[in-house]
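Novice: Start counting the sequence shown at 1; every next residue gets the next number (UniProt numbering).
Calculated from the structure, these hints are not laboratory results.
Just so you know, not all the hints are guaranteed correct.
[As the list claims (entries may be wrong)] In silico lysine to aspartate or glutamate, EDC-like type, Cα no more than 20 angstroms apart, as pairs:
| hint | residue 1 | residue 2 |
| --- | --- | --- |
| 1 | Lys71 | Asp50 |
| 2 | Lys71 | Asp44 |
| 3 | Lys25 | Asp59 |
| 4 | Lys71 | Glu49 |
| 5 | Lys75 | Asp36 |
| 6 | Lys25 | Asp50 |
| 7 | Lys75 | Glu91 |
| 8 | Lys71 | Glu97 |
| 9 | Lys71 | Asp59 |
| 10 | Lys25 | Asp36 |
[To be verified] Between beta-carbon pairs, the in silico distance windows are:
| hint | residue 1 | residue 2 | range |
| --- | --- | --- | --- |
| 11 | Gly124 | Thr62 | 43 to 53 angstroms |
| 12 | His31 | Glu97 | 35 to 45 angstroms |
| 13 | Asp44 | Gly124 | 42 to 52 angstroms |
| 14 | Gly124 | Ala60 | 49 to 59 angstroms |
| 15 | Arg37 | Gln133 | 51 to 61 angstroms |
For each residue, glycine too, the CB sits at the ideal point set by N, CA and C.
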Amino acid sequence: LLTGNSHFTGMPLFLENSKKKILEKLCAGCHRLIRDRFLLRVTDGLWHEDCVRCAACGDALTNSCFLRDRKLYCKRDYADLFAVRCAGCTEAISPAELVMRAGAAVFHLRCFTCSVCSCRLQTGDRCVLREGQLLCAREGYHQCLAMARASPRLQAPISGHQGVSRWVPGRPSPDTKNHQRTDV
1 LLTGNSHFTG MPLFLENSKK KILEKLCAGC HRLIRDRFLL RVTDGLWHED
51 CVRCAACGDA LTNSCFLRDR KLYCKRDYAD LFAVRCAGCT EAISPAELVM
101 RAGAAVFHLR CFTCSVCSCR LQTGDRCVLR EGQLLCAREG YHQCLAMARA
151 SPRLQAPISG HQGVSRWVPG RPSPDTKNHQ RTDV
């Protein structure tokens, strides 16, 4: 039994002859009685065959589906809607990708650069995240350092959980509070 955010492959998952059942079943999608000859079982819910569609694009889900908040999604829409996004470029971050963190913000390695001088920031570099802008606080980068000093939130060098990390599929992270990420 899978719960929470789940990915299913090999659709149809369970195709049952509903006429064999004495009790009538409610569809998890449309919440109407299933009186069709066949029904689909997705995790603990029963569905009309016609109701197994992506909640975002409406395409029929024949090979695989993703379930979230009792709604089904195709792989493409699930990734577009629920992926953690890079604070630098706003593109989705894949579960296997290495990332850098500054506070609650998550960045692709290539996007972890100063917003003013474009220098690449690495583990141990001093920086500040100010109004969504990442600023370096290195000596020699006077403009960036001056902007960083003006902020009361000057951070210590990036280390520990704020440095390079890898998403662990299926394990929640601090910035995905109410949902789990799964391999896509």
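Novice: All hints, please: hold or fail.
Specialist: Structure-based check of all given hints:
With a C-alpha separation of about 14 angstroms, the suggested pair lysine 71 and aspartate 50 falls inside the 20 angstroms cut-off, and the hint holds. Distance hint between lysine 71 and aspartate 44 is fulfilled; the C-alpha atoms sit about 13 angstroms from each other, no more than 20 angstroms. With a C-alpha separation of about 24 angstroms, the suggested pair lysine 25 and aspartate 59 falls outside the 20 angstroms cut-off, and the hint is violated. A threshold of 20 angstroms between alpha carbons decides the hint, and for lysine 71 with glutamate 49 the separation of about 14 angstroms falls inside it, so the pair holds.
For the proposed pair lysine 75 and aspartate 36, the alpha carbon gap of about 27 angstroms is over 20 angstroms, so the pair is violated. Taking the CA atoms of lysine 25 and aspartate 50, the gap is near 15 angstroms; set against the 20 angstroms cutoff, the hint holds. Proposed proximity of lysine 75 and glutamate 91 is supported: the alpha carbons are some 16 angstroms apart, at most 20 angstroms. This hinted pair does not check out: lysine 71 and glutamate 97 have alpha carbons roughly 27 angstroms apart, beyond 20 angstroms.
Between lysine 71 and aspartate 59 the alpha-carbon distance is near 13 angstroms, which keeps this suggested pair within the 20 angstroms criterion. Between lysine 25 and aspartate 36 the CA atoms are separated by roughly 10 angstroms; this keeps the pair inside 20 angstroms, and the hint holds. Against the hinted window of 43 to 53 angstroms, the Cβ-Cβ separation of glycine 124 and threonine 62 comes to about 50 angstroms, which satisfies the hint. The given range of 35 to 45 angstroms is respected by histidine 31 and glutamate 97, whose C-beta atoms sit roughly 38 angstroms from each other.
For the pair aspartate 44 and glycine 124, the beta carbons lie near 48 angstroms from each other, so the given range of 42 to 52 angstroms is met. Our hint of 49 to 59 angstroms for glycine 124 and alanine 60 holds, since their Cβ atoms are close to 51 angstroms apart. At roughly 59 angstroms, the beta carbons of arginine 37 and glutamine 133 sit within the given window of 51 to 61 angstroms.
Violated hints, in rising order: 3, 5, 8; the structure is consistent with all others.
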